[in-house]
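Participant: Put together the whole structure using the sequences plus the hints.
One line per chain: the protein sequences are A and B, in this order. Counting with the numbering used here, you get residues 1 to 77 for the letters of the first sequence. Counting with the numbering used here, you get residues 1 to 348 for the letters of the second sequence.
Simulated from the structure, these hints should not be mistaken for laboratory data. Just to be clear, a hint being listed does not mean it is correct.
With a straight-line Cα cutoff of 30 Å, these simulated DSSO-like cross-link-like pairs (lysine-lysine) come out [stated by the list, open to error]:
1) A:K59 - A:K24
2) B:K86 - B:K112
3) B:K266 - B:K282
4) A:K23 - B:K159
5) B:K149 - A:K41
6) A:K76 - B:K149
7) A:K23 - B:K126
8) B:K89 - A:K24
9) B:K149 - B:K126
Computed, partial: chain B to chain A, Cβ under 7 Å [stated by the list, open to error]:
10) D142
11) L143
12) C144
13) P145
14) S160
15) I161
16) E163
17) S164
Source: prediction; values computed, not measured. Think of the CB as a built atom: it goes at the ideal place given N, C-alpha and C, for glycine as much as any other residue.
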Amino acid sequence: METKYIIDVRGLVCPYPAFLTIKKLNEIKEENINVEVICDKSEATLKSLTTTLTNRGYKFIVKENEDSYIIRIGEKI
Amino acid sequence: MTVIQYEWNMRAVHNWITNINSAINGHLTYDNLKVGNTPLLRLSNLENGELKIYAKLEWMNPFGSIKDRAAYWMIKIAEKEGLLSKDKKIIEPTSGNTGIALACISRALGYKFYAVVPQAITDETKILIKKLGGEVFETPDDLCPRFGKGTDQSIALAKSIVESYPDQYFMPNQYENEANFLAHYESTGPEIWKATEGKVTHLISGIGTGGTITGAGLYLKEQGNIEIIGVEPQKNHHIQGLRNFEESGIPPILSKRIKIIDRWIKVSDEEAFTAVKLAAEKEGLLIGPSSGAVLAAALKLNKEHIKGTAVLIFADDAVKYLGLYTKLGVLNSEQLDILRKLSNALSF
Numbered sequence: 001m002e003t004k005y006i007i008d009v010r011g012l013v014c015p016y017p018a019f020l021t022i023k024k025l026n027e028i029k030e031e032n033i034n035v036e037v038i039c040d041k042s043e044a045t046l047k048s049l050t051t052t053l054t055n056r057g058y059k060f061i062v063k064e065n066e067d068s069y070i071i072r073i074g075e076k077i
Numbered sequence: 001m002t003v004i005q006y007e008w009n010m011r012a013v014h015n016w017i018t019n020i021n022s023a024i025n026g027h028l029t030y031d032n033l034k035v036g037n038t039p040l041l042r043l044s045n046l047e048n049g050e051l052k053i054y055a056k057l058e059w060m061n062p063f064g065s066i067k068d069r070a071a072y073w074m075i076k077i078a079e080k081e082g083l084l085s086k087d088k089k090i091i092e093p094t095s096g097n098t099g100i101a102l103a104c105i106s107r108a109l110g111y112k113f114y115a116v117v118p119q120a121i122t123d124e125t126k127i128l129i130k131k132l133g134g135e136v137f138e139t140p141d142d143l144c145p146r147f148g149k150g151t152d153q154s155i156a157l158a159k160s161i162v163e164s165y166p167d168q169y170f171m172p173n174q175y176e177n178e179a180n181f182l183a184h185y186e187s188t189g190p191e192i193w194k195a196t197e198g199k200v201t202h203l204i205s206g207i208g209t210g211g212t213i214t215g216a217g218l219y220l221k222e223q224g225n226i227e228i229i230g231v232e233p234q235k236n237h238h239i240q241g242l243r244n245f246e247e248s249g250i251p252p253i254l255s256k257r258i259k260i261i262d263r264w265i266k267v268s269d270e271e272a273f274t275a276v277k278l279a280a281e282k283e284g285l286l287i288g289p290s291s292g293a294v295l296a297a298a299l300k301l302n303k304e305h306i307k308g309t310a311v312l313i314f315a316d317d318a319v320k321y322l323g324l325y326t327k328l329g330v331l332n333s334e335q336l337d338i339l340r341k342l343s344n345a346l347s348f
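Facilitator: What follows is the structure, given as structure tokens:
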């Protein structure tokens, strides 16, 4: 069964959230991953996260909430 | 005649092992930590005219590099001023040598240490920091699009960790900490002046944080008319510890006193590694890449037929660069064998 991982990086200053996300993704061994990153509603953090994910070939969608972004990460392209 | 002595490299490794073991066993204190007073060695086989060339062998510091000075000063002053207490962890962005120095000092004084490093640093450096109980955070070059490559990303990450948990971490921040400048103003500069009996005319140094060149440079300029020469590597270089300022930002402690530098000499990777080879062949010294860049700059100066006494800052030796030198074919097989033995003695 697919495990769902939640990486909650709210309250952390950019680029620490991107670093923790990449670190966690590198640790996950499954091929089909289901990861949700929850971060503050900061454009700098979002940009840093999406750039590093794109550069590493991850598919993702961004959902905007009132006070946070949720980035759902799927398998690598 | 080829001189193959490597005596200063062997002495350094012996010195280093003793100090690392003392740090691990908790026998190291501020009082018995002998930072500075490194030897000044004449490189007469590389002179070619009326410029006398001396190298300040900074790898003879307790943990093998010039960065021991800044690390020692920064921690000592932070404890004295109450910025660092035993409930805090030490975190620092570093391209290697400051990480090793801080890992040793942290271990000796009972602090947990985190080194935030660029991905490009050598395996030997990472292994040594971990062996000393430090943790290594490798920063990808593309971590944040707002910052430049390499060390700039490490600085941004280390700062963001401290800002996220301000009560948990102390970041010495060698790029902004005045103690880094003071370490060289109060020790490196006076040592050079004293050892040359006031005859030094040129100081040649690489630039990472800018602490060495501004600290030692200002002290020497206050003593007499001494030309301060900064060495800058090419873009996309492989010289650990140095910065090309077209692709990296200028650190605050450098920008504050950048006028101290009278002249900049650009050095390519090829020139730096050729100088590394030359130092091994002619002087029996196995030097690090940044020392190679500094030597290459001195050899360029030599061609200008100037008179005087140049002091070159050799920040570290080759012991952490076995992998790099093997990969790039910098040294011959005999020299690599010696380097391998020295590296193995440090259990890399």
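Participant: Is K59 (chain A) within 30 Å of K24 (chain A), Cα to Cα?
Facilitator: holds (16 Å)
Participant: Should the hint that S164 (chain B) touches chain A count as held when the rule is a Cβ pair under 7 Å?
Facilitator: holds (4 Å)
Participant: Does K126 (chain B) sit within 30 Å of K23 (chain A), going by the straight-line distance between their CA atoms?
Facilitator: holds (17 Å)
Participant: Is the hinted pair K149 (chain B) and K126 (chain B) satisfied, with a Cα-Cα distance of at most 30 Å?
Facilitator: holds (19 Å)
Participant: Check whether the Cα positions of K149 (chain B) and K41 (chain A) lie no farther apart than 30 Å.
Facilitator: Satisfied, since the Cα-Cα distance of roughly 26 Å is no more than 30 Å.
Participant: Does L143 (chain B) pass the interface check with chain A, least Cβ-Cβ distance below 7 Å?
Facilitator: holds (5 Å)
Participant: Against chain A, run the beta carbon of I161 (chain B) and see if the smallest gap drops under 7 Å.
Facilitator: holds (5 Å)
Participant: Quick check on S160 (chain B) please, does its C-beta sit within 7 Å of some C-beta on chain A?
Facilitator: Result: holds, 4 Å to nearest chain A Cβ.
Participant: Can you verify the interface hint for P145 (chain B): is its Cβ closer than 7 Å to any Cβ in chain A?
Facilitator: holds (5 Å)
Participant: Quickly compare the C-alpha distance for K86 (chain B) and K112 (chain B) to 30 Å and report which way the hint goes.
Facilitator: With a Cα-Cα distance of about 9 Å, the restraint between K86 (chain B) and K112 (chain B) holds, given a limit of 30 Å.
Participant: Just to be careful, I want the Cα atoms of K89 (chain B) and K24 (chain A) compared with a cutoff of 30 Å; is the pair within it?
Facilitator: Holds: K89 (chain B) and K24 (chain A) sit about 22 Å apart, inside 30 Å.
Participant: Min Cβ distance, E163 (chain B) to chain A: is it shorter than 7 Å?
Facilitator: holds (4 Å)
The structure agrees with every numbered hint stated previously.
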